[in-house]
Every structure is written in structure tokens, then in C-alpha cells.
Amino acid sequence: EPEVTQTPSHQVTQMGQEVILRCVPISNHLYFYWYRQILGQKVEFLVSFYNNEISEKSEIFDDQFSVERPDGSNFTLKIRSTKLEDSAMYFCASSERWQGARDTQYFGPGTRLTVL
Amino acid sequence: QKEVEQNSGPLSVPEGAIASLNCTYSDRGSQSFFWYRQYSGKSPELIMFIYSNGDKEDGRFTAQLNKASQYVSLLIRDSQPSDSATYLCAVNIVGRGNKLVFGAGTILRVKS
Numbered sequence: 001e002p003e004v005t006q007t008p009s010h011q012v013t014q015m016g017q018e019v020i021l022r023c024v025p026i027s028n029h030l031y032f033y034w035y036r037q038i039l040g041q042k043v044e045f046l047v048s049f050y051n052n053e054i055s056e057k058s059e060i061f062d063d064q065f066s067v068e069r070p071d072g073s074n075f076t077l078k079i080r081s082t083k084l085e086d087s088a089m090y091f092c093a094s095s096e097r098w099q100g101a102r103d104t105q106y107f108g109p110g111t112r113l114t115v116l
Numbered sequence: 117q118k119e120v121e122q123n124s125g126p127l128s129v130p131e132g133a134i135a136s137l138n139c140t141y142s143d144r145g146s147q148s149f150f151w152y153r154q155y156s157g158k159s160p161e162l163i164m165f166i167y168s169n170g171d172k173e174d175g176r177f178t179a180q181l182n183k184a185s186q187y188v189s190l191l192i193r194d195s196q197p198s199d200s201a202t203y204l205c206a207v208n209i210v211g212r213g214n215k216l217v218f219g220a221g222t223i224l225r226v227k228s
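Chains A and B, in that order, give the protein sequences.
So for the first sequence, our numbering puts the first residue at 1; every next one is plus one.
So for the second sequence, our numbering puts the first residue at 117; every next one is plus one.
One or more hints might be untrue.
In silico DSS-like pairs for lysine-lysine, Cα to Cα no more than 25 Å straight-line [said to hold, decoys possible]:
#1 A:Lys83 - A:Lys42
#2 A:Lys42 - A:Lys78
#3 A:Lys42 - B:Lys158
#4 A:Lys83 - B:Lys172
#5 A:Lys78 - B:Lys172
#6 B:Lys118 - A:Lys57
#7 B:Lys227 - A:Lys83
#8 A:Lys83 - B:Lys158
#9 B:Lys227 - A:Lys57
#10 B:Lys227 - B:Lys158
#11 B:Lys183 - B:Lys172
Here are some chain A residues pointing at chain B (derived, C-beta under 10 Å) [to be verified]:
#12 Glu44
#13 Asn52
#14 Phe65
#15 Ser66
Hint data in this document are derived by calculation from the structure and do not stem from the laboratory.
Ideal placement from N, C-alpha and C gives every residue a C-beta, glycine not left out.
Isolated chain A (complex conformation):
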């Protein structure tokens, strides 16, 4: 069964460093998302992406964050200058096509980001 994959599974970085989290969405999916979950807290929406542009973003997704689809398979989340509070699990998700409210999102296994 097709699935979303993410690399690395765990990333440790120093505060102020740039990190790139990578995702390979399900191959025929067109809509891509990033969420994060701080330990013990809710899963929070960061950004949605379609047709090589951001569809929607949350207040969390400030200028330190960017997303890109550099080729036909990868979808990346970049954090330019990491802060301690960026430590979290980052989940990539994808959905097949626009179904409005019926869009069903499938999640990857996540990348645990630890900022020291």
C-alpha cells in the first residue's frame, strides 16, 4: 500500500542552524501538508501546498519557515534559524485530489526535530 515517507527520522541541530526536513508524498497525490506536534501537545497545522504554491498557512508558519517541491517526488520543509521551541515531531501529509471538505489526508511517520 502506498505511503508517505519522511527523512530523517530524527534530526538533532544547534539553535540558529538551518534544517531541511524531507517528505515523499504518495505518488498520485497532489496536495501536501506539514503539521507539527510538540511533545504532549496537539497536532498543529503549519502549511498546505498545491500546484507549487502555498494554499494556506498558520500563524506558526512565519518567515523562518519555507516549503518547496524541488522535483517531482520530494516535498521539503526548511527552518532557516532554528529555535529551542521548534523542537517537535514534524509530520508530512498528502491527499489525492481536491474534494473540498472531504479531502482525506494520509500522514508520514514523522521527523523528530531536537534543537539544542
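Model the placement of chain B on the given structure of chain A, informed by the hints.
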């Protein structure tokens, strides 16, 4: 602020019993609702979605939706120890794109 509320639990049920998980949401215009299961340290795994008022059954799982009361529930019949996890209720908010708003989740413990 669109909110999704869940009782954090833990909800403890004996093996073979019915587990009932509940969720309320604040946005009266919401149209689609999802239940995800999350094991500790893992990602959310889709269990079911429901769009229409009433019940929707899939194997041991039944989702129930009451839009007038802004209430969604998930019933798990014949609960197994492997069902022990956190169950996340999510509401799809449609804007320029879609985004899921999650509740904090209910911890379910099934005791053998």
C-alpha cells in the same frame, strides 16, 4: 478560533468491551470529521471519516455524527489490547486549502 475538544482520559475498558470516544467542535459550518489513531511516538493513522449525520460502520469501528449538537463519537466494539492508543478527532477546515484541526486526543487503555 476553531476548536476541537476531547476528554483526555485515560479511558480504561476491559478486553472485549465497547469503547466510546467523544469529541465536540466549535465551528458549526464544519462538514467533515476524521478519527485518527496515534500510538506513542508514532504518526496519526486514519481510522475513519464521516460527513453525514448518523452512523457509519467499518468493521469494529462506528463513527457517529450529530451536526446539530456539534458532536462526533467513535465506538470500538470488541476492544483489543492492540487498540490501546491515543485517538485523535480532527475537523477539516476548508479555506483556500484544507487544514485539519485536531483535538488533544483521548488515551484509550484496553486491559486484558
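Cross-check of the supplied hints:
1. A:Lys83 - A:Lys42: Given pair A:Lys83, A:Lys42 holds - Cα atoms ~19 Å apart, limit 25 Å.
2. A:Lys42 - A:Lys78: holds (21 Å)
3. A:Lys42 - B:Lys158: Holds: A:Lys42 and B:Lys158 sit about 13 Å apart, inside 25 Å.
4. A:Lys83 - B:Lys172: violated (43 Å)
5. A:Lys78 - B:Lys172: Given that 25 Å is the threshold and the Cα spacing comes to 39 Å, the pair is violated.
6. B:Lys118 - A:Lys57: Between B:Lys118 and A:Lys57 the Cα gap is close to 15 Å, so the pair holds against 25 Å.
7. B:Lys227 - A:Lys83: violated (41 Å)
8. A:Lys83 - B:Lys158: Answer holds: A:Lys83 to B:Lys158 is near 23 Å, not above 25 Å.
9. B:Lys227 - A:Lys57: violated (41 Å)
10. B:Lys227 - B:Lys158: holds (21 Å)
11. B:Lys183 - B:Lys172: holds (14 Å)
12. Glu44: A:Glu44 check passes; min Cβ-Cβ to chain B is 8 Å, inside 10 Å.
13. Asn52: At about 13 Å, which exceeds the 10 Å cut-off, the nearest Cβ of chain B leaves the hint on A:Asn52 violated.
14. Phe65: Since the shortest Cβ distance to chain B is 15 Å, the answer is violated.
15. Ser66: violated (16 Å)
Comparing the model with each numbered hint stated earlier shows that hints 4, 5, 7, 9, 13, 14 and 15 do not hold.
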